[in-house]
Amino acid sequence: MSAKHEGTRVGTRRELIPASVPAVRRGDALDVAELPSYAFAHRSLMWWGNAGMMTIEGVAFGFMIVIYFYLRSLSPSWPGVGAPPDLFWGTLNLVIIVVSALPNTLCGNAAVDRDTHKVRLWLTACCILQLALCVVRAFEFTVLNVRWDEGAYGSAVWVLLGFHTFNLVTDFADTLVLTAVMFKEPIEGKRYVDIAENSGYWDFIVITWLPIYAVLYWGARF
Amino acid sequence: MSEALHDVQAPMGPQASALFDLWTIMLIVCALVFVLVMTALILALWRARRGGRGGSLATLPDMARHPRRDSAVRRAVGWATAVSTVMLVGLLFASFLTDRAIARLPLDDAVQIELVAHQFWWEARYDVHDPKLAFFTANELHVPVGRPVLVTLRADDVIHSFWVPSLHGKKDLIPGRVSTFAFRADKSGVYRGQCAEFCGYQHAHMTLFVFADDPADYERWSAAQRDPAVEPTNPVERRGRDLVVGTTCGLCHAIGGTNAQGRRAPDLTHIASRTTIGAGTVANSESSLADWVADPQRLKPGVNMPPHDYNAEDLAAIGAYLASLK
Amino acid sequence: MTTRDDALPATEVGRVDDGAAPRRSSRPKLRDGTDDPRVLKSLEATWTDDRKLIAWLCTNDHKTIGRRIIVTALGFFAAAGVMGGLMRHQLATPNSTLVGPDFYNQLFSMHGTTMMFLFAVPVMQGFALYLVPLMVGTRNTAFPRMSACAYWLYLFGGLLLFGAFATNTGADAGWFSYVPLSGPQYGIGKRPDFWNMLVTYSEATGLMLAVDIATTILKMRAPGMSLRRMPLFAWASLVTSIMIIFAMPMVMLGANLVQFDRMVGTHFFNPAEGGDPLLWQHIFWFFGHPEVYFIFVPALGFISAIIPTFARRPMFGYDAVVLSLIATGFLSFGLWVHHMFATNVPELGKSFFTAMSFMIAIPTALQIFCWIATLWTGRIVIRTPLLFVLGFFFILMIGGLTGIMLGSVPLDLQVHDTFFVVAHLHYVLIGGAVFPMFAAIYYWFPKITGRMLSERLGRWHFWLFFIGMNTTFFPMHILGLHGMTRRVYTYGPETGWSMLNMTATIGQVINDLSMFLFVLNIGWNFFRGERAGDNPWSAPTLEWSVSSPPPPYNFAALPVVSALYPLWAPKRPPTHVRGLSAQIREGLATTVLDAKPDVRYAYPSPTIWPFLAAVGVSIWLVWSIWSVPGFAWGLIAPTIAFIGWYWPSKREALEELEWEKEP
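Protein chains in written order, with our numbering: chain A, 272 to 493; chain B, 4 to 329; chain C, 36 to 698.
Heads up, a few of these hints could be off.
[Claimed, not checked] With a cut-off of at most 30 Å between alpha-carbon atoms, the simulated DSSO-like pairs for lysine-lysine come out as follows:
(1) C:Lys64 - A:Lys455
(2) C:Lys225 - A:Lys461
(3) C:Lys64 - C:Lys696
(4) A:Lys389 - C:Lys696
[What the hints assert, rightly or not] Here are a few chain A residues that sit away from chain C, every Cβ distance over 12 Å (derived from the structure):
(5) Val295
(6) Phe334
(7) Leu358
(8) Ala372
(9) Leu377
(10) Arg391
(11) Ala396
(12) Cys398
(13) Ile399
(14) Leu402
(15) Trp419
(16) Trp429
(17) Ile483
Derived from the structure by calculation, the hints contain no laboratory data.
The C-beta atom is built at its ideal place from N, Cα and C for all residues, glycine as well.
Chain A extracted, bound-state conformation:
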């Protein structure tokens, strides 16, 4: 069954944040019956919950980077023994993750349009790319050139990468679940908001990878 909204707006892109429908004054009361029952971006509560989540995770990543540099400041040589991580898999990861932002954004837009078909398409593309990222990430761990128990450097590198990996894998699982759920009718409007928010969270995963990549792969080269 096709989505119920498709017929009315093929080809037009709705505003992310359309003007609110005002409440109607009726006697002593404000009538809100005509207000929408869901909305996107900061008009949705999910956005705020997501923002809270991103702040928490972002702050934690930030702290982990600070810890990396704190331990480095105490160390006469960094990395202690051994070499910085090999660049190939990490940089491949960087490329794929940046590329993944594209279907992700298209998915988010499709969700705002409530275009079920496009949402399913781009979500599936996201799943494939995210799976590829998980595979690449597994390889990254093999070329770190240090074990987690080889000094503070090894510990910092493994935990920093591990932390981002945990977020990557859980968001991948999230995307998988959302993809499955998008094939389950009937689809209420709120689900599109969830897709849009998940798309925002993936952007967060992409953006946080940039400084972590820089610290992990280049931090020991300077």
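Following the hints, position chains B and C against chain A.
For chains B and C alone, coordinates are given in the frame of chain A:
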């Protein structure tokens, strides 16, 4: 040792004095602020009762009344906040000045001690820079009155903290970090301190005594500490020495001039010259030494020394030998 | 808000849409805010949880969860109080053998950990969860399932820690668990692992509740409740929630790093391999200092709610108080090194933290002056809540002033890690949090339960606690100055500390007596107390406009607010909202600054999944303590639970579609 002094309010050195002065200033200012604010609060309550202005839950407040009449109150609150800020800035200055004062001890002719904290005892190494002058002791420091003491602080296992309230504030001993600390005792006496950072089972029994001696007494003490261990003078003591040096004791303890050269436990070369054993746990005597050797876990459960199964005669001999090591 | 006055029918029959979605057989739509007598019954039916056990596990009503958190927290308070009592009895006499060193070390560690992680922060969040939706005029919090899960995580974490304690595996390295004592080499058995796990639990709880409360405050306030018309307790909860979001991740991260050191041999804190024990102190105190403000700032909110009611006037200096709350929250992040003055961090850095520690006194002082000004110009009515507030002034001031002393680097070097600090922290926590908490309990008990507490027992409780508290903790200042360090299980008679310790123990017995009276008061009056009306204190905020206890749907019609003190100011139309569904659980999301109605929000229904998710997380965490692969395999359980949680049910989807209106 009940005559040992351990009171922030009884300073016996320049730093402790500076800190006591700061304490006094802060106490006066803080007490003043407390009295003023509590007076204002009490007056506020008193006014309500006296003027018949007590309120009632039954009547709703007149909401229009308040903004108009609040300007005098606003000024009062503004002034109170401003005055508080000024006082805080003043205290901040007092704090900074004291901070500088305690860091400026002249260190000429300082006695140099390296203090290593262990679970649950203090290792003191004097003059380690010069092998001819170096000696080791534990849990009791002697320092000359009027001369600065420069202490290097290390920790062997977990974090400890060195604190002798009558002489100075405290400093933590942190594994992997070396810090330094300087103080001076200006009056002779015994000063007590104990480990001030929770370090495990027997953190409560990690006392440190600082004996501030007249310079001549200090020279005598340190010269005696540099001597190797006293030779046993009778068969019982000899038997005791053979047991101590010839068995497992030497794996952890050192006795100067013998084969016992372990550094994992207090140096016993002059054990009998110290006032307590177990870092202040029990008073030092021949019998308490024997009891300790037999079962230290009974006297200080959790200490790192195991019990020993000696018969009564051997134990007495050990006690006699250790008690002879003045 | 417009005044366009279209004529819409009050109820609609069915709904015409573009027909593609399957729809339910049409039933008349019932919306709230009208005089229709069916509305109230329908609201009741929609919002009431069943009375079965399973419903008890599924509920996501903020009032139920808030009550549970408060009761559980008070239970932990009692348990930790008993531990404190045992400690005091051990220390009453020199060389006492009541309790041995190992058990004593577990006692003080468990006492501190329980009080800080399992009582003080949760109880404040519990009150916020209960009160905020009622105060801001909405029907439930923004993420009710998340708060439900947060409660179960809190309960399980606490029970697991106490279970460990019962098997001699309680935390024993102090409530801040310094390394290396809690590290792989010197930590004893699984004790530090349980502590680390408890930290993970309580931070997860705290963060979930914080996000929920903050979102509710920002997005679900009643129309017309602009930020400047928001009650001060809501401001305090907002500031606290934001602080929690920034500070708690740090300690969660840190506890995990210690676990990695212990379980898989990383070297974050091992100086022999490039790690640093001080790193843990930085991590912990970066969280730990703001944490005491998570406890203190909501208490400031209580005070600001209670004083206007009993001074019978609006709060003096609302703007100043709001700015002070925000400043306090912000500055609290800049103080943490004052817990580390005795270490060898650079001296210049330490002086900066002295300056910051002094500075944070200024917004607190400003609030105190505003409160006194309110009392000075008000018409005071003395009731038990106000008594506890007055006790707060006395005790917190002493604690704050000794805090200034501790904030000075040189002076701190003398009193750090002594009983002076123990005195200070109890003065600020008991004065700054526990007294306001009791004030809040006496104040809001009528609202929560519908019954009044006994004034007489309340006053006895107050005076005994006030006297007992000062008797217990004031001598400790002197003990600290006399050289008594913290965390000692005993001391010798030659130290001269016996008399003051005995005095402190006598004080503690008085405290116990006061708590007994409190329990009596609550226990008796919960069942037999005088019935409270809607507004027994004639208070001004919205929670007092509904019945006591509030109906499950909070408000029959959401209020529209036109003043800071809605129940004291004259009512100006519009007065309420109409048009929300009375047949599904619906609330209203409003704009952040001016609270203009924006989006109707369908609350998620009660479900067992948050409970199961907490069980799943427990499986994961406990398994991880015992086995490294458990960290990976254990994740299966919570994964399944979170998927189940999210998985939409057809029935709910259809229900939402029936009421749906697109943006």
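Provide an ascending list of the numbers of those earlier hints which the structure does not satisfy. 2, 5, 6, 15 and 16
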